[in-house]
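Let's have the full structure, built from the sequences with the hints guiding it.
For the record, the sequence lines run as chains X and E.
Under the working numbering, the first residue of the first sequence is numbered 1, with each subsequent residue one higher.
Under the working numbering, the first residue of the second sequence is numbered 183, with each subsequent residue one higher.
For the record, the hints were derived by calculation from the structure and aren't laboratory data.
Since the structure is predicted, the reported quantities are computational estimates derived from the model, not experimental observations.
Ideal placement from N, C-alpha and C gives every residue a C-beta, glycine not left out.
Just so you know, nobody snuck in bad clues.
Listed below are several chain E residues computed to face chain X (Cβ distance under 10 Å; list not exhaustive):
id : residue
1  : Leu209
2  : Tyr213
3  : Val267
4  : Pro270
5  : Ile273
6  : Ala300
7  : Ala306
8  : Ser307
9  : Ile308
10 : Leu310
11 : Asn316
12 : Gln332
13 : Thr354
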Amino acid sequence: MNNSFFEIFKIFFIIGIQLLGGGYVIVPLLKKYIVDDKKWISEEELVNLYAMSQCLPGIIACNIAISTGYKAKGFIGALAAALGIIIPPFFCIIILANILSGIVNIETVKNAFWGIRISVIVLILITIKDLWAKSVNSLFSYILFFIILICLLVLPVSPTVVIILSAITALISGQIRRKIND
Amino acid sequence: MIKLYFLLFTEFLKIGVFALGGGYATLPFLYYLQGQYNWFTLEELTNMIAVSNITPGPIGINMATYTGFTTAGILGSLIATFAIVLIPSIIVMFMTKLYSKFQSCKSVNDIFWGLRPAACALLASIGLKLLFQNIITEEEWAFPIHFNYQALILFLILIIPFSFFKKNPLLTILLGAIGGIIIKSI
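In structure tokens form, the structure reads like this:
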């Protein structure tokens, strides 16, 4: 089993290039390269690591890359995986950003980006719809959702504060709920 | 300049820890940064979201790299990208070592049960604000309503098919660009 730093880096670099569109896309790629080809972890381990990565802070795709890298070769493996998954998008963005800053004042490009901004709004609204279906489904979550939304629309609240307060609220209400049930 | 790099580092360190829930989770934080520091304009932010959607790599990483770059060049993008993954990666390694089999405890479940609606509300507030600014009144929160009809038409054209089909960011952005060029030239 070849699991040198460079080998791990190479595999995650290949995954990084193919990763288009956020967190969940990475799982089938990991299954193909890490589980089936390289056999660094088992399929069951992948499922567990994915469940864990979703419940920890950070970007999901990055978390799962780091944890599978760590499973394969400790700290060195985690470092190789993180670099492998970050470097391809990093350079893509730098190159694109440079190109765009050069052409963004051309009239046609401006018009195209005007339209793209509308696309972004559409994408955000569709994401909200998906998130809503998955997460806002009980009385508590309805109340929490609307209180937070109204606060955010009226006051300049920091998202950090919102996350901390709702975590505390959820923790306390969970304790109370279990007390009542007992 | 050193102060800007330091601020960039601490802000993205914070985003790394608190942005939960995949893909667009960093968005409310970046929107907030925009209001606080004016490192980039709102227009630039939406452009960055679009570019992050169509380039390979996790959207959260792409957004960090791009905003870092817009704010303070290549060094800025390195700092932002490094800062956003730093704390989560330490936690992830620690947890991977600790649990051979991950079992979520009751408290963690409770917290996530509350965080998901919160994350949804955060994104919804951004969605509504952008909707107002670009389509409904040209300001963040203002009445009376006076529609930007060009934007409204493109918005409807784009959103109707995607209420029936699966989300496809690449296609949505491509159609938006073509639609923008056509509508603005009429």
